[in-house]
Amino acid sequence: MDSQHEKLHGLNRRIGLILRIGIVLSLVLISAGLVMFAVAGASHLAPLTPLSSLLTEIATLNPAALVTAGLDIILLMPVAILLLSLAHFIAIRERQPVITCIALLILLAASFILILK
Amino acid sequence: MPADINIWVLAGTGFAAGLTGAMLGVGGGIIIVPILTLAMGLPIQFAIGSSLVSIVINACTATSVYIRTHMTNLKLGLLLSCTLVPGAVAGAFLAAGLSSPALTIIFGLLMLYVAYVMIPKKQRRLSPEQIEAAKIVHEKEHTPHAWLDGCYYDPAINEEIGYQVHRPVIGMVTGFFGGVISSLLGVGGGIINVPVMNQVMKVPLKATIATSSLLLCFTTMTGSLIYAYNGYVIPYIIAPLIISVYLGARLGATLAHRARSKVLITVYTVFLVLTSIIMILKALNVFG
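Chains as they are written, first to last, in the numbering used here: chain A, 1 to 117; chain B, 1001 to 1288.
It should be emphasised that the hints constitute simulated quantities derived from the structure, not laboratory data.
Note that this is a predicted model, so its numbers are computed, not measured.
Among the hints, erroneous ones may be present.
[Said to hold, decoys possible] Where chain B lies over chain A, by a calculated footprint (3+ residues, C-beta under 8 Å):
| # | stretch |
| --- | --- |
| 1 | 5 to 14 |
| 2 | 17 to 29 |
| 3 | 55 to 69 |
| 4 | 95 to 106 |
Positions of the beta carbon are idealized from the N, C-alpha and C atoms, including for glycine.
Isolated chain B, as found in the complex (with noise of 0.2 Å):
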């Protein structure tokens, strides 16, 4: 553990992180834990737990934002949360027996892929009868779990926005890994949440943007307990990034609420490729 903490290294730090975080719908630990690691020379365990930590009031501020607007679909959180927790637990445990540099090159390949999912493919044209057919098996598939649709205002186009939430349950399986990931990695878990929710269960970018926020918050609690609980939370290096974390945070709920989709879509797949690379040739050791 270094001597000397620079409190302004940390304060930048937990701003980006903040500002990215609300934005995206993720954590933010993706800045947090590689600058508190290479910048700070922290080892990894305190990284990860000063990171999760902050994620928890980067994640409940955008919350208060965003349920306010009513874009968070509640249920459907509280529904997610409920494979979230045990992943985020089964993640804190594993974090302690994988190798490293194996774990980061999965992580980064899999933010490939998410980053490729996300980017808009050109709609297929489908003849009326086609249309029809496929609202049918819709309506069909749908129906059990309609308490979960929602609908929410969206001042960017001026109207309200109604939603059916689709397939659930593939939701709440990628959900669990979503909480593993956040837990062992010390980040969110949005990069799991946001593509599966948006482009599987059919939920309206913003609206999954807000209710991952919720998510998160569940998440990281639980891994930022364990990590406390074990000794990896140090109040001075947790105080500057907290604070400037909620500072970032605000700024960056307010800018995406009047930002649309389609900047947002680019914004978090640019993110997503970049950090990836990063990640990957880190553990590479291409750096030295």
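Bound-form chain A, shown alone (with noise of 0.2 Å):
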């Protein structure tokens, strides 16, 4: 196998490490908000919570802030494997895939934009 493979190989491995990171502590989160619709018997229609009280809501140990809080970690899977890859290629210096990591990362934020419009 030349390096070119190995050093893709680690890049691999490091993504598949954060995702898993990213899942078991989503899905914690996500379980003890379920838990906790079970214990405190909150509204099943309560809508997810903002950003800007996320914290407060989770130290209250309220379900659907706990619920958003893993949604949130697994929305932001995507956005570390691109940011874990866009440096490793910058490292190796290998231009098509920075390019096309520099290009996806202007699109994803051009998209958030437009959302949030």
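The two chains are supplied separately, each in an independent frame; assemble them into the complex guided by the hints.
Given below as structure tokens:
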């Protein structure tokens, strides 16, 4: 196996690890939220908690806030994959993947701005 | 919105969706959306939002397994995501303005076509001269995007598989429509990506499925954000779905890793035909 492939395999392992950590963290929060729904008897139709009050609501063990935090972590995972890949390809100076990662990052940012508008 | 939400129906639905999604490289939304709307009476927007959110974890779980076995073609996945993400945004905005039965029928027909494409055809026998000529054409076509080529170890046949990626531009164009369909109908978009990557771009099926999971991470994340931002994601509904989808996806990814490609193609084709028939009949109001 050449060094190019070895480096790519290293990146694959790092992405796998980040994904596993994110998934476990997210599942713990979501499971806690589900338990709290049963314990606290909160409304089944409670909406997602806004980011601005997320931390304070988590501190009070609000079930919807716990689930929201877990969901936020999961939604950040693809961004984490992208940033890890970008850093890797910049480090090994591989031009085409770097351009691809930057283009995708710009597209994601533009999509988020469009969603918020 | 129904006042009584059965957590066990949600959990069962999520497990089935996770299992099939990870095994076939599709999102599993094709199971979640009909059950949430038909069996649980949820409005379609809430079903789609919940489905997309569940598919994100399904896709991330499958990707975390596949990428460690190096079956995922990361560079190809990132390139195709460049058109999938705008497609997902377009699909979510389209969802508000189009007639649902018409879309369902078109989607069902599209799935039937994809099922036809996936059926293995008899290979035409080429003469040695034709094979040599085809090789030269492929090399000429291929050189500019050699950076997308991949290789992985296939434990089912105990062999290292190297492959070249062909026609990435076609993959990117169709990827946009995969993104549109994903956000429009709450499915992963794998029904477009898998056959195109496998049949048109000549990526081996296992690498296709693994890379499709990575694509789903980006597409469904974008769609999920739009539905969540518009209030179509309810924590009590998505919590049991996400947990059960995770468990199903773990099992599905492990089974797919050990299975042979022919079995996967058969399962995928049968799945497409059955789902498309159900969708078309539902759109024509046959079920009442």
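Task: Numbered hints the structure breaks, given as an ascending list - done: none
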